[in-house]
Structures are given as C-alpha cells and as structure tokens.
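Student: In case you want the letters, here they are:
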Amino acid sequence: MAAKASRVAKADRRSRQLELVPVARPVAEPPAPTPVPAPGPAEDAAAGATESRRPKRRATAEEMATRQREISISEFFTKNRHLLGFDNPSKALLTTIKEAVDNSLDACEEAGILPEITIGVRDLGFEASGELTKGEGRFVVSVEDNGPGIVKAQAPKIFGKLLYGSKFHRLKQSRGQQGIGISAAAMYGQLTTGQPIRVVSRTGKGKPTHSFDIQIDTRKNSPVVTRDETLDDWHQDHGTRVDLEIVANWQSGQKFVNRYVEHTSLANPHCTVHYLRPKQARLSFPRATSELPKEALEIRPHPHGVELGALMTMAGDSKSHDVKGFLQTSFSRVSAQVAGEILKHAGLRERMRPREIAGDRDLAEKLHRGIQGTKIMAPPVNCLSPIGDALMRQGLVSFLSVIETEGPDGEDGQLDLDQAAKTKGKKGKAKPAPAPEPAEVEAEEGVEKIKGHDYFIATVTRPPRVYRGNPFQVEVGLAHGGSWPADRPVELFRFANRVPLLFQRGACGIHEAVVKTDWRNYLLSQPKGSLPVGPMALLVHIASVWVPFTSESKEAVAPYPEIIREIQLAAQECGRKLAAHIRKRQHADYQAQRRSIFELYIHEVAQAIGKIVGRSPDPIRREFMRVAEKVTEADLASQDAKLEEAAEKTARRPRRSEEDE
Amino acid sequence: MARMDAVSKRTVGKIEKLAESVIRAVKGGGNPFVEIPVRSLANVRFNEKKRVVELGNQRQKRYFFNVSMAKKFMQTFLVSDACKELIESGKTTSIRDLYYITKHSIGDTKQNTFEEQDESDPIIEDIEVALDALREELHLFASRKGTMVGPITIRDSGDTIDLRRMGSGGWGVPSIVEENVIQFGRHEAKYVLLVEKDAVWSRFNEDKFWKRQNAIIIHGGGQPPRGVRRMVQRLHRELKLPVYVLVDNDPWGFYIYSVVKQGSINLAFESMRMAVPDARFIGLSSFDKVTYKLPSNVAIKMDDGDVARARQMLAYPWFQAKQWQAEIQEMVKSGVKYELEALSRRGISFITEEYLPTKLKEKDWIA
Chain A
1 MAAKASRVAK
11 ADRRSRQLEL
21 VPVARPVAEP
31 PAPTPVPAPG
41 PAEDAAAGAT
51 ESRRPKRRAT
61 AEEMATRQRE
71 ISISEFFTKN
81 RHLLGFDNPS
91 KALLTTIKEA
101 VDNSLDACEE
111 AGILPEITIG
121 VRDLGFEASG
131 ELTKGEGRFV
141 VSVEDNGPGI
151 VKAQAPKIFG
161 KLLYGSKFHR
171 LKQSRGQQGI
181 GISAAAMYGQ
191 LTTGQPIRVV
201 SRTGKGKPTH
211 SFDIQIDTRK
221 NSPVVTRDET
231 LDDWHQDHGT
241 RVDLEIVANW
251 QSGQKFVNRY
261 VEHTSLANPH
271 CTVHYLRPKQ
281 ARLSFPRATS
291 ELPKEALEIR
301 PHPHGVELGA
311 LMTMAGDSKS
321 HDVKGFLQTS
331 FSRVSAQVAG
341 EILKHAGLRE
351 RMRPREIAGD
361 RDLAEKLHRG
371 IQGTKIMAPP
381 VNCLSPIGDA
391 LMRQGLVSFL
401 SVIETEGPDG
411 EDGQLDLDQA
421 AKTKGKKGKA
431 KPAPAPEPAE
441 VEAEEGVEKI
451 KGHDYFIATV
461 TRPPRVYRGN
471 PFQVEVGLAH
481 GGSWPADRPV
491 ELFRFANRVP
501 LLFQRGACGI
511 HEAVVKTDWR
521 NYLLSQPKGS
531 LPVGPMALLV
541 HIASVWVPFT
551 SESKEAVAPY
561 PEIIREIQLA
571 AQECGRKLAA
581 HIRKRQHADY
591 QAQRRSIFEL
601 YIHEVAQAIG
611 KIVGRSPDPI
621 RREFMRVAEK
631 VTEADLASQD
641 AKLEEAAEKT
651 ARRPRRSEED
661 E
Chain B
1001 MARMDAVSKR
1011 TVGKIEKLAE
1021 SVIRAVKGGG
1031 NPFVEIPVRS
1041 LANVRFNEKK
1051 RVVELGNQRQ
1061 KRYFFNVSMA
1071 KKFMQTFLVS
1081 DACKELIESG
1091 KTTSIRDLYY
1101 ITKHSIGDTK
1111 QNTFEEQDES
1121 DPIIEDIEVA
1131 LDALREELHL
1141 FASRKGTMVG
1151 PITIRDSGDT
1161 IDLRRMGSGG
1171 WGVPSIVEEN
1181 VIQFGRHEAK
1191 YVLLVEKDAV
1201 WSRFNEDKFW
1211 KRQNAIIIHG
1221 GGQPPRGVRR
1231 MVQRLHRELK
1241 LPVYVLVDND
1251 PWGFYIYSVV
1261 KQGSINLAFE
1271 SMRMAVPDAR
1281 FIGLSSFDKV
1291 TYKLPSNVAI
1301 KMDDGDVARA
1311 RQMLAYPWFQ
1321 AKQWQAEIQE
1331 MVKSGVKYEL
1341 EALSRRGISF
1351 ITEEYLPTKL
1361 KEKDWIA
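Residue numbers (my numbering), protein chains in the order written: chain A, 1 to 661; chain B, 1001 to 1367.
Some clues are possibly wrong.
Simulated restraints on C-beta separations [said to hold, decoys possible]:
# : chain 1 : residue 1 : chain 2 : residue 2 : range
1 : B       : Lys1049   : A       : Lys630    : 45 to 53 Å
2 : A       : Lys528    : B       : Gln1325   : 55 to 63 Å
3 : A       : Glu562    : B       : Gly1030   : 56 to 64 Å
4 : B       : Gly1056   : A       : Lys630    : 48 to 56 Å
5 : A       : Asp454    : B       : Val1067   : 49 to 57 Å
6 : B       : Asp1278   : A       : Lys630    : 52 to 60 Å
Chain B is nowhere near these chain A residues, computed Cβ spacing over 12 Å in every case [said to hold, decoys possible]:
#  : residue
7  : Thr66
8  : Ile113
9  : Ser222
10 : Gln251
11 : His274
12 : Ser330
13 : Asp360
14 : Lys528
15 : Arg594
16 : Glu599
17 : Gln607
18 : Ile612
These are calculated hints, taken from the structure and not from any lab test.
Cβ coordinates follow ideal geometry from the N, Cα and C atoms, glycine included.
With the hints as extra help, turn the sequences into a complete structure.
Tutor: Here it is in structure tokens:
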C-alpha cells in the first residue's frame, strides 16, 4: 500500500515537473489530425532506401493461432522453479523437506494428533562409495509423520497435481496456503532425477497400508500412479511417509536444514522431531509440551479485505437470491443491518441478483465502494492459534537446551548444528537434552538456568489485529544472556504460521520492524539501521489466516504497516521486560560489589575500633553490617535513578520516536 | 603499659573519643564519618598580622559508607589504633615503621590495607589535624635529616651534648625537638644560619665558620623537616637569635625560605609551631651574580617547570613584598638559576670568607 502511495506521489511530481517546463502549447485548439503522418527522419531514411527493407510479415494470425495453447501450471513452474524455492540444489534440499514437514504438521494438528516427525536425508553417493558427496549429488529426502494418513483416492492428486489442496479456498491459519508445495517438490525430484515420489500412508489401525509411486504429467498437470501396492505391515498405526529422490547439495545446504529443524522445533513445542543425517548420529528434539495448540478456525473473508475481481467471482459463485443475502452469507461480520448499510452507500437495490453484480463491472465497483465506505466490525480473531507465552517460553528453553548441548554458535554467528558436529568429538557423544522443567525455583522471574547458563526469557503475545480484512496476531519472544557472544548482532528467528523463514531476511517486514525499533531504550546497543547488538535471540511469529508472503516460496513477509506496527509494539513490550532485567542484574552486580567492599573493610574497622575502645569487635561489626545493608539499598535507589535517567537520555536522542500505545 | 604523661593521656583520650563517635553513629543507623580539616591551598590563608600561613575552617567528612572513602576511613582507624598502642607502650617509631605495622592483607583477598607508604603518610597527617595532635604526640617521627653545629650546649634525652665538639659530622637533629626532649644550655651564638644543603653546610663546618662568627649552622637536606624547622623556631624564640636562610637561587630555594618563614601549605596547621616570620633571606639573590661577579657559565638554564613554579610564586600572598617580586622577576627575566656551589668559582672558601660576611656586614638581606 505504501509502495502504491509513493508511486502515485512520484507520478504526481512528474506531472508537476512537466507543467513547469515552459513550452508554448496551443491552449484552445488541439493539434490538427494529419492525414499522412509527417515522416520522421528515421522513417525518411528507410523510405529513401529500397522497398525490400520494409519488415516482412513473418506469420499470419491464423498461423500464430496454431501455436497458441494452454500452458499448464506444472510446465510454468518447471521453468520458474525459483519462484517456489528450488533455485539451486542446496536450497531445493531445504524446500523439499520444508514442504513435506509443513504438510505433516498441518495434518496432525487438524486431526488432533501430537506430531512426531522423522526427517531423513540419505546421501546415495555416500551409500555407494562410502564417501560423502561433495557438491551436487543424488539424495533421498524422507519425511514421516504419525498423522491421520491419506485416503487412497486422494493421494495421487495431493502429490501429483499442482494447485490441488484443501487450504487455498478457505481462510484458516495453516502452514500451507496454496496447494503447490509438496507437488512442486515431487516435480522437482522428477525433473532432476526422473524418480517418482514414493508415498506410504495408512489411515488407522486395521486399515491397509498403501504404497504408491506417483509421477506428474507436467503437460496435463495430472498425476500418474506408476506403482500401487498394499503393504502387509507398517510400524505406524497411522501416518504418512514420503520419499523423494532429488538432486541436492548436502555440503552447502545442510546448514539451512539444520537451522530449519531447530527452528521448527522452537516454534512447535508440541512436536517431536527426529533428524537423521548422513554419517551423523540421530538427533532428536523432544516436545516441550504435550498440549496441542488451540485449533485454528476457518473464517469467511472480511469485506474490507476483498478486491474487486474477487468480489465479482464470489458474487458469481453465490447461491443467494439477492445481493443482501450474498453479503450476509459470504462474508464475516455482515449482519442484515450492515448489508443494508453497504447497499445504501453503494446505491444498489437490495433485491438485485448477485449474478448481475458478477456480470457488470460498474455495479461491482459501486458495491466495492459501498463496502469500503461502510464501517464494519473487525473480523473475528479467535480463529487464530498463536504459540502462546508459556509455550513460546518452553520452546525457547528446550531449544536452548539442545543448542547448549550441541555447542555454541556457528562461524557466521548463527546458532547452528554445524558447529556442534565439530565440537562433539571433545564432548563425547552428545545426547539430546531433555527439556528442563521450566517451573524450577528461580532467583529472578523470567530467568532460566540452562546447562549452567542463565538466560532471561521474555515473551509477548499481542492481541489479534487486522490487515486488509485478514486477522493476524504477532508474538515475540526473546532469550538474553547465556553463552551467546555479546558483541554480535542478535539472532532473529522469523516465523510465519509456525514455519521458520530462513531466507530473504532483508526483504522481510519482520526484520524491518525489528530494525526500526529503538533497542537503545532497552539497554542494548544498536547501530543505525541494523539489528541490535547483544547476547540475545529474538523470535518473531506472525499467525494469520493469510500471511502476506512476498513470493510463493514463502521466505519473507510483506511489510504491511499494520503488521510492522504490531511487531514493533510486541518487541517494545519484550524490550521493556528485558531492560528491567538488565537493570536488575546491573543492580545485583553493583550491590554485590558494594557489599563485598564494605564487608571487607567492616571487619578491619571493627577490629581497630574495638581495640581502641577496649571492647569486643563483634557487636561493632554487627552494627556496621546492619547499616551496610540499609545504606547499600538507599544508594541503589539513587543508582537506579541514574540508570533510569541514562536510559531516558538515550530515548530522548532523536532517531525515531517510539510509537507506543 | 608504661605510665603516661598528661599529653599522652590527652592524645589517647582524643583517639578514643573519635572511635566512640563512630560507634555511636553506627548504632544510630547513620553513616559514620571522621571530620578532617582540608589540607590544600584552597583552605590555607596567609595571616598578615602573624605573618604565617594558617589553615582555614574548611573541613571534609570522611564517610565509611562511600565507595571512594571506605578504604581511607578504614586506614584512618588502623593508624589511630597503632598510634594509641605506641603511646601506651611509651615507644616512638618512624612513619615508615608505622606503614609496616599497619600493613596486612584484608581477609583472604589480595588487597592490602596499605599498598604503599604514600598511602599511610597522608593518613597520619589527617589524624594529626583531625585530632589536633602533633606528630610527636602520636609518637611518630619522620626519617631524620638535618645536621647542626655551633657554640651551644644542649641536653638531648638527658645526655649533655656540646655542639662545639661535633667533628666533621655535626649533630643529627632529631625529628622531635620539643622541650621535654631537648633543652638548651650555655651558648655564645649571635645568630642562626640555615643553609639549604649538606654540602654547603660541610664547607661552613670545615671552615669553622660557626666559631669565627659565633653562629649556629644547621641544614635540612633540602626542604627542612619538621624537627629542623621546630629547632630553628625554638632557637629564635627562646634564645632570641636572628635567623638567616641561605638557599640556591632558584624557585625551590625561595620556597624553602618561605616555608621556614611562614609555614607550608601541607603543614599549615603547624605553622604556629614552626614558622619564623622574622627569618631573613641572605642569599643567593638574583642580583648577586652581578654584585659578586659570577661568570655566566656557572648559571643553569631554567626549565619550563622552574619558570612555571616561579610564576606561581609571584602570586602567593606572602611573596608580595616589592623586593621579592623583584627577585623572582629578575630570575624569570634572566632565565637562569644558580646553585650555592657556583660561588666556589671565586674560590673554595669564597662563600664563608667573603660572600656571607660581606652580606651580613652590608645587611644585604630580605626580611
């Protein structure tokens, strides 16, 4: 929206500039139409040459018509696979895993099953030669879940047809949105290795286990089942497993996968993830809670979010008799009264047929304007399923436990398992850490002791808000301290509907919002236009029925002002908690330091004074200690005031004013 | 415990009172403190009438519960305690000794009560002014420096000493020369000559200048220590002897004279006991280089520090006399300074046989 506004402004400026140019223009009479256009110099030259220089007609409309035909969506994406995140073999590895895991988690949650997912990567080159493939090579990616399974009849379409799915036509918070993901992965595999996607699925105990090989007819965008068997036995009572053979680059792509697995378990604390890698020990992220997230509800679209074309389509699809009924049934928050108001604003009859609207652009535009001009209650927001404060905390705690076990940050400052592999040798066999009980006796609220390191954890879940008629909700969690370096930019973990976003950080609205927040108010340093610096990880999650991604590969969130603002508010709230913690810690340090100085000297003073007055030093010492406590506290109060003042001073420095509630 | 005289009893009483005040303050929940008169130029003034430098009324409170003062507070009582023990046992010791007595590590830390003697010396001075007790009353003395010889007999701690028969070494002036230690006996002295340094004093002694001139000659090894200054004041007051000061012709020498005459900033609280406002500056004057034909090659170029110091002294209230302004300005103008030894250019005993007798005869001094 902002972009559009600026474009308008630019156009404006341009036209104004034009007006400034002093050109003698005929005011009254328009330029007379010349029957024969005056030949320009170029044309003149061409005309002056031979006739044969005139471009020759190459094809007739009829000839061209023979070449014009439908492009299947599959063919389109074959050529434009970067749009779906299959730009190169290392990224394709991650995208394949991600699409499969997204589907598994969505299915488990919808069915009400606590997910347990096994992600496997096999290096076929390694299995053949005993040496890890360097660079590109053939890999088999497998993702297995304990979900509800897939009905036999649906399986081919789900995996073998692009834009087929349950999630596109509804407004509901889910990981997948378009119905492209897994079939695109299957197509990528087929394209690079010629191998079909292999699916094993079972819908329940006592039910048969089906195993398919599915290929995609890219011309027709339709599945071809090349193998269909029923297995006698399978170790899962219910669930689905997909195996995809793809060309990938494990060497350079594994760090993304590692990060994805870590972050997925962070944002999905109800999920257990097992991770099998070539030539490495199995890694497990146990679930931190056995409570399923609140079920996300499906909602009807909100009138304010609908665009003209969509409005016409919806009107055409409506089964209502009149336009008033159409408005009431197709949209949320439209009562009979509201529908009446809309139509009054639009100047339309209530009894008009929805089909008339669908067929008439002018009428549709009237209705659209009427909708925009009517005040309508915000859409229902109880449809969202945020992670929640408590679970976000648990997620962070168990995530940090694994990180602490596996070793510190990687070379590029990212928390990462790559580094873990290198340090593992020293530590001996790393065992997955069980998630510690978060409700241990704590010295300070919000501080968690993880593997001997103190982390301060703060979480904020904002109330749901609306952008363009779509409800969304922002959550921010931060973990500060521990074994992280204090001189590096903070780690920013971005999530949309619980899916980690690993690429295109700079283009992402989440990053923009965090950078725009003035963290100096919260006692962190922050170079201008950058992430703050400090031993901190920041988790930002956007839950929405429709997350506005900047592309189909779902790597960055579009910077809608409403979303940016919500993230900033949540970040600020977290920041305030953090500042209170940092201040408290500074006090504690200061107090301890003060105490120890006084305690040291009190002993000496009491000894000397006791000797001078000829009495025992002990009661004198006790009196001194009593005053010491009182004095240190009073002094701390003034120290407090000083810190507060310093913080205010930084806040007053003009950079960006803090938008606050 | 040795029997104490009245002075010692009073001093011990003062120390105990200080400790009691701290205990009272702490019991009342307050922040205990020691009140100490400020010893700096800002709290020093020149008493025109008495012609001495005096300590003003500014006092600072040294609190215990203040991170920057706590250590000094502690040190104050460590030294107080040590002094009380010295007094009660009737022993006297050096301030260096006291530093070792009170130095130990605190608790099981690597921190010491005192790291350097530089830390304990000012604490002693603090206690002197805080208790209004003299250093000798605290049974402390500074390292001894300063020698005396002359036509006088004294009693030192019960021993009779004839200062006419001190050979080439002279008699070492102790740090404590109060009446209870030193008493004056028979003498034929007409004046006291305080010279700046040992080497020049040795020339005067070898030439038996004291015998010829009936003068008590004394030196303080640079800036004279308290014992020497107190001795000079007693000779001046009790025996009514005029005092002449012979120092190098440089800012440092002038300042030595001024300290003898009206007291120092640091020890302003003791000026009354040490200053000799009538002390006369006999040399080396900035104008002597002409009068006594000193060749320019015995002059030393003044460095920046010298010039700055000279300028500073021009502003001191006790250097405002016309003659002094002329002396200092001449020195600054010429940019050179002279040591007393420069006079030896005119002959090894020029200073004792020509220079000083001439100056005295011609009353060529500044009062």
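Student: A separate judgement is required for each hint: does it hold in the structure or not?
Tutor: Here is how each hint holds up against the structure:
1. Look at Lys1049 (chain B) against Lys630 (chain A): about 49 Å separates their beta carbons, and that is inside 45 to 53 Å.
2. Roughly 60 Å separates the CB atoms of Lys528 (chain A) and Gln1325 (chain B), a value that falls within the hinted 55 to 63 Å.
3. In this structure the hint that Glu562 (chain A) and Gly1030 (chain B) lie 56 to 64 Å apart at CB holds, the actual value being about 58 Å.
4. With their beta carbons about 34 Å apart, Gly1056 (chain B) and Lys630 (chain A) fall outside the hinted range of 48 to 56 Å.
5. Restraint check, Asp454 (chain A) to Val1067 (chain B): a C-beta distance of roughly 26 Å breaks the suggested window 49 to 57 Å.
6. For the pair Asp1278 (chain B) and Lys630 (chain A), the supplied restraint of 52 to 60 Å holds, since their beta-carbon distance comes to about 56 Å.
7. For Thr66 (chain A), the condition that its CB be more than 12 Å from all CB atoms of chain B holds, with the nearest at approximately 93 Å.
8. Every beta carbon of chain B lies more than 12 Å from that of Ile113 (chain A), the smallest distance being close to 61 Å; the non-interface claim holds.
9. Every beta carbon of chain B lies more than 12 Å from that of Ser222 (chain A), the smallest distance being close to 80 Å; the non-interface claim holds.
10. Even its closest Cβ contact with chain B, about 52 Å, leaves Gln251 (chain A) beyond 12 Å, as expected for a residue assigned away from the interface.
11. The claim that His274 (chain A) lies off the interface holds: its Cβ sits roughly 52 Å from the closest Cβ of chain B, which is beyond the 12 Å cut-off.
12. Under the 12 Å C-beta cut-off, the non-interface status given to Ser330 (chain A) relative to chain B holds; the minimum distance is some 72 Å.
13. The claim that Asp360 (chain A) lies off the interface holds: its Cβ sits roughly 83 Å from the closest Cβ of chain B, which is beyond the 12 Å cut-off.
14. Every CB of chain B lies more than 12 Å from the CB of Lys528 (chain A), the least distance being 36 Å, so the non-interface label holds.
15. Here Arg594 (chain A) does not stay apart from chain B, with its beta-carbon only about 7 Å from theirs, under the 12 Å limit.
16. Listed as a non-interface residue, Glu599 (chain A) fails to keep its Cβ farther than 12 Å from every Cβ of chain B; the least gap is roughly 8 Å.
17. Chain B draws Gln607 (chain A) into its interface by the beta-carbon criterion, the shortest separation being 8 Å against a cut-off of 12 Å.
18. Annotated as non-interface, Ile612 (chain A) brings its C-beta within 12 Å of a C-beta of chain B; the closest such distance is 4 Å.
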